[in-house]
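Enquirer: Listed below are the residues making up each chain.
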Amino acid sequence: MRIPALALKRRQWEPFAFATPALVLIAIVIVFPLIYSFYLSLRDFDLSVGPDSAFVGARNYGEALLRDERFIASVWNTIVLIVPALVCELLLGLGIALLLNRVTRGRPIITALLAIPAMVSPVMAGMAWRMMFGVKYGAINNLGRQFGLLDVYFDWFSSPFMSIVSVVLVEVWQNTPFMMLVLLAGLQSIPQELYESVRVDGASPWQSFWHLTLPLLKFTMMVGIMIRMIDLTKLFGLIFVLTFGGPGGATETVAFNTYLVGFKDFRMSYAAALSYVIVGGVLILTLVFQLVQRWREARAA
Amino acid sequence: MSTLVGTSQAVAVRRVNRHRARRWLADVLTYLGLAATLVFFLGPFFWIVTTSLKGNNDFFAFPPVWIPSDPSLAHYAALFTRASGLRYFLNSLTISSMSMVAALLVSLPTAYAIARWRFGGTIFGTFLLVLRMLPAIALIIPVYLMYKQLGLTNSYFGLVMLYTVVYIPFAVWLLVGFLRDFPVEIEEAAMIDGCSRVGALVRVVVPIIAPGMAVVALFAFIATWNEFLFAVVLTGIETKTMMVLVTTYTSGGTDMFYGEASASVVLGVLPAFAVAFILQRYLVKGLALGGTKG
Chain A
99 MRIPALALKR
109 RQWEPFAFAT
119 PALVLIAIVI
129 VFPLIYSFYL
139 SLRDFDLSVG
149 PDSAFVGARN
159 YGEALLRDER
169 FIASVWNTIV
179 LIVPALVCEL
189 LLGLGIALLL
199 NRVTRGRPII
209 TALLAIPAMV
219 SPVMAGMAWR
229 MMFGVKYGAI
239 NNLGRQFGLL
249 DVYFDWFSSP
259 FMSIVSVVLV
269 EVWQNTPFMM
279 LVLLAGLQSI
289 PQELYESVRV
299 DGASPWQSFW
309 HLTLPLLKFT
319 MMVGIMIRMI
329 DLTKLFGLIF
339 VLTFGGPGGA
349 TETVAFNTYL
359 VGFKDFRMSY
369 AAALSYVIVG
379 GVLILTLVFQ
389 LVQRWREARA
399 A
Chain B
148 MSTLVGTSQA
158 VAVRRVNRHR
168 ARRWLADVLT
178 YLGLAATLVF
188 FLGPFFWIVT
198 TSLKGNNDFF
208 AFPPVWIPSD
218 PSLAHYAALF
228 TRASGLRYFL
238 NSLTISSMSM
248 VAALLVSLPT
258 AYAIARWRFG
268 GTIFGTFLLV
278 LRMLPAIALI
288 IPVYLMYKQL
298 GLTNSYFGLV
308 MLYTVVYIPF
318 AVWLLVGFLR
328 DFPVEIEEAA
338 MIDGCSRVGA
348 LVRVVVPIIA
358 PGMAVVALFA
368 FIATWNEFLF
378 AVVLTGIETK
388 TMMVLVTTYT
398 SGGTDMFYGE
408 ASASVVLGVL
418 PAFAVAFILQ
428 RYLVKGLALG
438 GTKG
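Taken in sequence, the protein lines are chains A and B. Taking this note's numbering, the leading residue of the first sequence gets 99, the next gets one more, and so forth. Taking this note's numbering, the leading residue of the second sequence gets 148, the next gets one more, and so forth.
Bound conformation, chain A alone:
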């Protein structure tokens, strides 16, 4: 059965022929635009001024990193949203995964139901919650008034702090199911015999959780956090419908800020530069995360 190898030698063009459509499309729709975008980022192209632009070198990057207070604030805002969202998603996801791991009857159906928030568009999730947060007719204020917890029409988006809390709440609602699914898969890959053997050795349920489950789940948790973290740096749709960056720019994320620069102010070159700063930031974040993980593994070993 050496035919494939023979065929490979005789017809080396075949794999290329198979991959060509995808490669050509990727080149046209992704690679070329990215190169063009980099070229743009070195100029001062501004659609609101006119079609002409001049080469300005790294000025846009300098402005973004050193002088643009709004962009720097948006970096901070993104971090302020990411950190509590990640912590809540991890803890809540772990809790639900542990609960689901205990039950056998009805697990598939419960899992599928819980996965739904993670499958809907952030825009739709944001819209549903925007209505839930509604001042006069929203479900939350209605519920609060019905049970006498609220006696006023509470505006969830009036203060920066409450807006951040609201955005984090919706984000946690939407993506905890993802974390739960990942952790549940991790939990189920732990062999049952391990639990039995530590129980025979007299470990309490708490001890077996702390010394067996958690260490074995660490890798899965890291993968889950990493994926969520990268996704959260792209937070856009949720912000667009929930707060539109407000109040006073308190929930303006980097992606949203770049969108405004590009498609409200029409400063195309500057938006291109900002998008490259974001790509660079995400890349550095990913690398640092992996390095820290390796370093900790090496230290543990």
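Everything labelled a hint here was simulated from the structure, so no lab data went into it. Treat the hints with care, as some may be off.
Partial chain B-side listing against chain A, Cβ under 7 Å, derived [unchecked claim]:
hint, residue
1, VAL186
2, PHE188
3, PRO210
4, ILE214
5, MET280
6, VAL412
7, PHE424
Now the stretches of chain B that chain A is said to cover, found in silico as 3 or more residues with beta-carbon under 8 Å [said to hold, decoys possible]:
hint, stretch
8, 312 to 322
9, 353 to 362
Now the stretches of chain A that chain B is said to cover, found in silico as 3 or more residues with beta-carbon under 8 Å [what the hints assert, rightly or not]:
hint, stretch
10, 201 to 210
11, 234 to 246
12, 330 to 336
13, 372 to 385
14, 388 to 394
Using N, Cα and C, we set each Cβ at its ideal position, and we do this for glycine too.
Please arrange chain B on chain A, whose structure you already have, making use of the hints.
Expert: Same frame as chain A, but now just chain B:
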């Protein structure tokens, strides 16, 4: 002697009983916890669906009416006629279906080249992973300018092409997995019997990995359906998708057109409900690779 045995038995029975009671309590607490979880995660959907069916009397009532006393589809009718919601729903459907088919058609041969000949090696694999992680915001600025030059904004074609290509990395990634599971021997047998390479792929491989392809297709559909940034920048009045339509309801502050807005959210999340049930087994893999985010 017999009394001694009796008491030790009684102790054992009591211990077993206590163990059983504790276990029963833990089970009850587990199911209670899961019930609360379900209420939190599905409650908003329940509320949106009931709101979309409520008439004005129920909507303005206090204390609030949670289950509509006189459900009607009036808001859906208004959404379809007044807000041309039907058109935007069909736009979403068309664009998602076309992108789904195109992504599959382009990705299958590429995945095949990787699975059978290790095309591109690890470099190509890493390249695809990097593309997967690329923020959409980095792409939309140059693509918008290009499309404006080429007259591709406000067109199905432009959006479908963009969605297709953005989805290639994910589709290839999943398809390679399915193709690797496929025994090469069957394919070789077909080729010895005189089938061409393409013939073997189409007549032998595709029918067998069809379920896998369906998974990829459904994820592609939902990702395209859910995509917002490209859609909001590149669509115009005729080509708007449901995601863009729904954001038009944010203009009235938080107290807006609840009826139509909730009806459009219901239509917008419908595919997610369907796919979540169909794809139960593949949810982790698909979500982990970013399958539902365009």
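Enquirer: Hint by hint, say whether it matches the structure.
Expert: Going through the hints against the structure:
{"no.": "1", "hint": "VAL186", "result": "violated (11 Å)"}
{"no.": "2", "hint": "PHE188", "result": "holds (5 Å)"}
{"no.": "3", "hint": "PRO210", "result": "holds (5 Å)"}
{"no.": "4", "hint": "ILE214", "result": "violated (13 Å)"}
{"no.": "5", "hint": "MET280", "result": "holds (6 Å)"}
{"no.": "6", "hint": "VAL412", "result": "holds (5 Å)"}
{"no.": "7", "hint": "PHE424", "result": "holds (5 Å)"}
{"no.": "8", "hint": "312 to 322", "result": "holds (count 4)"}
{"no.": "9", "hint": "353 to 362", "result": "violated (count 0)"}
{"no.": "10", "hint": "201 to 210", "result": "holds (count 5)"}
{"no.": "11", "hint": "234 to 246", "result": "holds (count 8)"}
{"no.": "12", "hint": "330 to 336", "result": "holds (count 4)"}
{"no.": "13", "hint": "372 to 385", "result": "holds (count 6)"}
{"no.": "14", "hint": "388 to 394", "result": "violated (count 0)"}
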